[in-house]
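A.B. asks: With these hints in hand, go ahead and build the complete structure from the sequences.
Below, each chain spelled out in residue letters.
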Amino acid sequence: MDPAALAYLAAGLGAGISAVGAAIGIGRLASSSMDGAARQPEAAGDIRGLMIVSAGLIEGVALFALIICLLLVLFV
Amino acid sequence: MIGRIRPLRLVALVVLGVSLALSATPVEAADEEVTLESIVNNTIIGHAEDGYYLNFKPFAQVELPRILLVRTADGALTLEAYGSTKGLLQNGPYGLVHGGDEEGHAAPITASEDLAEAIAAKEHLHGSVVRTSGQVVADFSISRHLIFGLLAMLIVLGIFIALAQRYKKEHDRPEAPQGVFQNMMEVLVVFVRDEIAKPNIPDGKWATFLPYLLTAFFFILVANILGLVPFAGAATSNIAVTGVMAIMTFGIVLLYGSSDYYKELLTGPPDAPVLIRIILVPIEIIGLVMRHLALAIRLFANMMGGSLIIFSLLGLVFMMNVIMGEAAAWSTTVISIGFTVFILLLKLLVAFIQAYVFTILSALFIGMAVEEHHPDGEEAAEPDVGLDGRVEDRLDAVEDKMEDRVQPTTA
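Line by line, the protein sequences are chains W and R.
Just so you know, our numbering puts 68 at position 68 of the first sequence, and the rest follows in order with no gaps.
Just so you know, our numbering puts 251 at position 251 of the second sequence, and the rest follows in order with no gaps.
I should point out that these hints are in silico values taken from the structure, not numbers from a laboratory.
One should not assume that every hint holds.
Stated by the list, open to error - Here are a few chain R residues that sit away from chain W, every Cβ distance over 12 Å (derived from the structure): (1) 147; (2) 164; (3) 260; (4) 342; (5) 354.
As the list claims (entries may be wrong) - With beta-carbon atoms standing in for the labels, derived distance ranges: (6) R:193 to W:41: 19 to 29 Å; (7) W:53 to R:184: 16 to 26 Å; (8) W:46 to R:326: 47 to 57 Å; (9) W:46 to R:61: 42 to 52 Å; (10) R:188 to W:40: 21 to 31 Å; (11) R:334 to W:76: 29 to 39 Å; (12) W:40 to R:265: 34 to 44 Å; (13) W:57 to R:256: 21 to 31 Å; (14) W:9 to R:325: 25 to 35 Å; (15) W:53 to R:325: 45 to 55 Å; (16) R:211 to W:53: 34 to 44 Å; (17) R:352 to W:76: 30 to 40 Å.
Predicted model only: the values in this text are computed from it and were never measured.
Even glycine gets a Cβ: it sits at the ideal position worked out from N, Cα and C.
C.D. replies: Written out as structure tokens, the structure reads:
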């Protein structure tokens, strides 16, 4: 098989799988922080700050994967 | 929801989207055949990447000066400066290598008529230059991201020197300086101090690091917002810029780290077996470096990703034009611009969030490093609570929980 074609395939699959991972992570994060905020509305401000930071961390992992996919596409 | 947005603002947003679409017109649209590869390589990647030209596409394209430190064939180090990449190729001993070839290493274009042809097709903006005799030691050329980084720096300096001067001038007056702009910036400064620096840096040491955190926050914020301005670019979508900022945080962590922090880093956690320490210490050190590397890559990838998405959405129009014809391209335009406006609004949010995330993580890492452990103080404080007090606390907690559980079903 053509190695370039395999690289494109890997990049596409990788982008999709990393999106699934990030979606699961951010979904779980959002659901639990909403639970928390609903249970303790006075802590909603703190929870929001923590949520943004952890969303940033999760997104960072997904973007690592995205960069690898980009490298696969651009430098085959 | 949409009904509440005033029509005027909607029009402004659409104009913003259209102006971006105009600035993304493919390079070869004029005379050459437009291919999918040229759209992807030159238009989409070329806009998101750094380059040695400023793009005011429907009006002009300004090439930036090239400054190179070279070692000539006879071994002497010289600094060569040219007004533009075009001038460099026409006057100096340089050849053009156009990227995107299958084998990766194409022979450089050196003959003058070939060069003239390549320059006419604007290939020199997207390719790289090599020296035909001797070699390039270092490239100090002024690039687009450098220009916009310096612009962001000037904006931050201008805003905050003016703000600080007003405090100085009116120091004897009883009331604080007023004005919409002054108060807006004050809110952000107080936000960084109270929400980012104070909670994360313990023992009242936040005052030492507040200037760095404020500088990082406002530089990133202004650079990110410059990335949303049509024809401009975000300096933070360059890995070198974000890398240097992460190195600054790393340097502060190393310089200001307390002795407790270094002891725990280099010898492992206290009262752990030796075998576990042997495993844990390398992991801790790698983790320390990776944390700061991730800091750089997160900001870079967020900004780069945003502009890539925008240019990909707009590039879709031109791709449709190549693949399916003009009618499909026109109908794609509507969808593309709608999505672009949405992504632009998202990028405005991301500009703030990424400045916040970078600053708060820097504060967190610095706070972890400067923290001093007081094991004696903590352990002395605990027994004072007494057994009875603890039991009562627990009972209260259980009662609270029961109430929490019961209430939703009754209500």
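A.B. asks: Hint by hint, say whether it matches the structure.
C.D. replies: Hints versus structure:
1. Listed as a non-interface residue, residue 147 of chain R keeps its Cβ farther than 12 Å from every Cβ of chain W; the least gap is roughly 24 Å.
2. The Cβ of residue 164 of chain R sits about 28 Å from the closest Cβ of chain W, beyond the 12 Å cut-off, so the non-interface label holds.
3. At roughly 24 Å from the closest C-beta of chain W, the C-beta of residue 260 of chain R stays outside 12 Å, upholding its exclusion from the interface.
4. For residue 342 of chain R, the requirement that its beta carbon stay farther than 12 Å from each beta carbon of chain W is met, with the minimum near 18 Å.
5. For residue 354 of chain R, the condition that its CB be more than 12 Å from all CB atoms of chain W is violated, with the nearest at approximately 7 Å.
6. For the pair residue 193 of chain R and residue 41 of chain W, the beta carbons lie near 26 Å from each other, so the given range of 19 to 29 Å is met.
7. In this structure the supplied range 16 to 26 Å holds for residue 53 of chain W paired with residue 184 of chain R, their Cβ-Cβ distance being about 24 Å.
8. Residue 46 of chain W and residue 326 of chain R have their C-beta atoms about 54 Å apart, which keeps the hinted 47 to 57 Å range intact.
9. Distance hint check: the CB atoms of residue 46 of chain W and residue 61 of chain R are about 49 Å apart, consistent with the given range 42 to 52 Å.
10. For residue 188 of chain R paired with residue 40 of chain W, a C-beta distance near 28 Å keeps the hint of 21 to 31 Å intact.
11. Separated by about 34 Å at the C-beta atoms, residue 334 of chain R and residue 76 of chain W satisfy the suggested range of 29 to 39 Å.
12. At roughly 35 Å, the beta-carbon separation of residue 40 of chain W and residue 265 of chain R lies within the given 34 to 44 Å, and the hint holds.
13. A hinted range of 21 to 31 Å for the beta carbons of residue 57 of chain W and residue 256 of chain R is consistent with their spacing of about 23 Å.
14. With their beta carbons about 28 Å apart, residue 9 of chain W and residue 325 of chain R fall inside the hinted range of 25 to 35 Å.
15. Between residue 53 of chain W and residue 325 of chain R the beta carbon distance is about 48 Å. The supplied range of 45 to 55 Å therefore holds.
16. With their beta carbons about 22 Å apart, residue 211 of chain R and residue 53 of chain W fall outside the hinted range of 34 to 44 Å.
17. Here the CB-CB span from residue 352 of chain R to residue 76 of chain W is close to 36 Å, well matched to the stated 30 to 40 Å.
The structure does not agree with the numbered hints 5, 16 stated previously, though it agrees with the rest.
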